[in-house]
Amino acid sequence: MTTTDRVQKLEALLERVRKNRTAAPRRASAAVAAPIARDAISAQAPPPPVAPREPFASAITPPSPPAAPAPTPPSPPTMASTPPDVQPPTTPGWQPEPGSAVQTRPATLPPESIPAEEISDDDLLEVTTIPPGAAESVPPAAAAAPAQPTYSEPDEPELIVSEPPEDEGPVVEPPVLEPDAMEVSEITAVGVRVSAATLDEALAGAAELEGEALEGEHEVPIKTPPPESGPQEALPPTGLEAGRTPDVTELEADLMSPPSMGPTAEQLGGTIELEAPRGPELEIDVTIEEPPPASLEPAPAEELEVALPRPSMQSGLYDMTAPPPAQYPDPALAEGPPSVPEPREKATIPVEVPSIDSPARTARPALGATDVAHVALAPPASSRSFVELLDASLLA
Amino acid sequence: MGTPRFDPTHSLEFNLDRGSVKLSGSIERVLLPADALAALVRGADVETRRDFARRLGTEAGRRVAERLDGNASAEAVVEHLGGEVALMGMGSLGFERWGRMLVATVQGSPLRGEGDEILAGIVEGALQRAFGRTASVVPLQRDDSLVRLLVVSSSTADRVREWLGSGVSWGEVLGRLNGAGGAS
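Going line by line, the protein sequences match chains A and B.
Take the first sequence: its letters are residues 435 to 830, numbered as in our numbering.
Take the second sequence: its letters are residues 16 to 199, numbered as in our numbering.
Only chain A is shown next, with the shape it has when bound in the complex (with noise of 0.2 Å):
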């Protein structure tokens, strides 16, 4: 896009900004604006049919049917191309102004006439989408603000805002609303930032008003829903932000994917597959050398290497008496001052010592004479004479 085409951009922007200068503080209000109460929005005429909801919709607004034509021609198709003579499907009291880009939805897709390709950008920051909760987050601060003046309070309430009951305390129930009315915001945006007086200007305010845009849209509604509403999905960010927001459809697909078996065609897109070997077979020599005999003489130190000292005695170990080598002198200890040790207090215990002239004795009683060894003699071997070993042995 060219510089021309930008400033012509502009130039359109901010003439469409001109013509709903005068309705575009009306349209401030639904951004801080309350709920929808269902019952005004069921008063009013039947909706046109609503497409599903999406999950990921998209931020930009499909462009507006060739019946709509732009009021600026060299203007792109944009979405606030939307005809003053369109009836909004809005609440009764509510109406849009003949110069407002507010538009409601096209029931139908634009025709294919008009390719995609032509949304830029400069699109994409002119039209943001505000989700329905994106109105309760807006802070307080933006939202009471009075010195702005797109954003103060409408004359006459295009809205009918329902309180939630009091016994629900700060519980807010989730708005229903239609997606027309959720893009009264984002128009009422555009006049904001085009309400400046030149164009820098403009740009400027733009830009500020797409960043509090899109913080608006990022954060989290402050009251929690009850756990009675269900699940709570949470939109994903627009505009800018929204080519930063990973695609989740891809995440879960990847999530759903059977385990991989192995590396995928993309892993394998450097892989070099090499040709089956060429030539005569290669043995492994398994030989194993053994390495020469470590010779008793000492390797030479490397250059971190430090040698121990060697063992002064044959045996192997040191004689602690020898003095030490020269490289490790004594260390010099510094001299203290000489212990004195200090007095201490001497006392005298008396001890009873038995005096020496008068040992005490146990004796041992005295005995009498007697008898200690008893002898028995031998009897005498042949006290017989010849005579009567002679008739013994004739008796027998």
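Hints are computed from structural coordinates only; laboratory data are not their basis.
Ideal placement from N, C-alpha and C gives every residue a C-beta, glycine not left out.
Among the hints, erroneous ones may be present.
[Claimed, not checked] Taking beta-carbon pairs under 10 Å as the criterion, some of the chain B residues facing chain A (in silico): (1) Gly85; (2) Asn86; (3) Ala87; (4) Glu90; (5) Val92; (6) Val93; (7) Arg112; (8) Gly114; (9) Met116; (10) Leu117; (11) Val118; (12) Ala150; (13) Leu165; (14) Val167; (15) Ser168; (16) Thr171.
Take the given structure of chain A and dock chain B to it, following the hints.
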């Protein structure tokens, strides 16, 4: 009074002028070769040999009785009687006690085995003449140089000869004699 020692001094007298040999003043003696005497004894009958041996023993007993009385110890008897046997040249006499049994031993008899009955007769004659006891001496056991002679009564001598003839060892004979004596 103590037992006198056996003194063989001048017991054997050779009179070379007269050509006679006398033993302690007794009748003359004849010096004969032992093998000749053995041959003579071997040719004599049992009673001749027994008389011959008894006469030799009676002469020795008479000389022992002249020096010893009835209370002489065994040692004294061995000394004197043994001395007299030695003067005859019949070997060295001794005594053994196997329990109650009295066994006389003769060592180095020149007659060897053929002269055991002669020795037994000499002991019988000496005991009879010296101590007045009639005893029967039976050759019990013999080896190369020693012969054991059992001194028993005449009745016991017959049983011992019967036992020894039946093959009973001399130790068994001594056992039986000691057992029988103790039992009786």
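Taking the hints in turn, this is what the structure says about them:
no.: 1; hint: Gly85; result: holds (5 Å)
no.: 2; hint: Asn86; result: holds (5 Å)
no.: 3; hint: Ala87; result: holds (6 Å)
no.: 4; hint: Glu90; result: holds (8 Å)
no.: 5; hint: Val92; result: holds (4 Å)
no.: 6; hint: Val93; result: holds (8 Å)
no.: 7; hint: Arg112; result: holds (7 Å)
no.: 8; hint: Gly114; result: holds (8 Å)
no.: 9; hint: Met116; result: holds (5 Å)
no.: 10; hint: Leu117; result: holds (4 Å)
no.: 11; hint: Val118; result: holds (8 Å)
no.: 12; hint: Ala150; result: holds (6 Å)
no.: 13; hint: Leu165; result: holds (8 Å)
no.: 14; hint: Val167; result: holds (6 Å)
no.: 15; hint: Ser168; result: holds (5 Å)
no.: 16; hint: Thr171; result: holds (6 Å)
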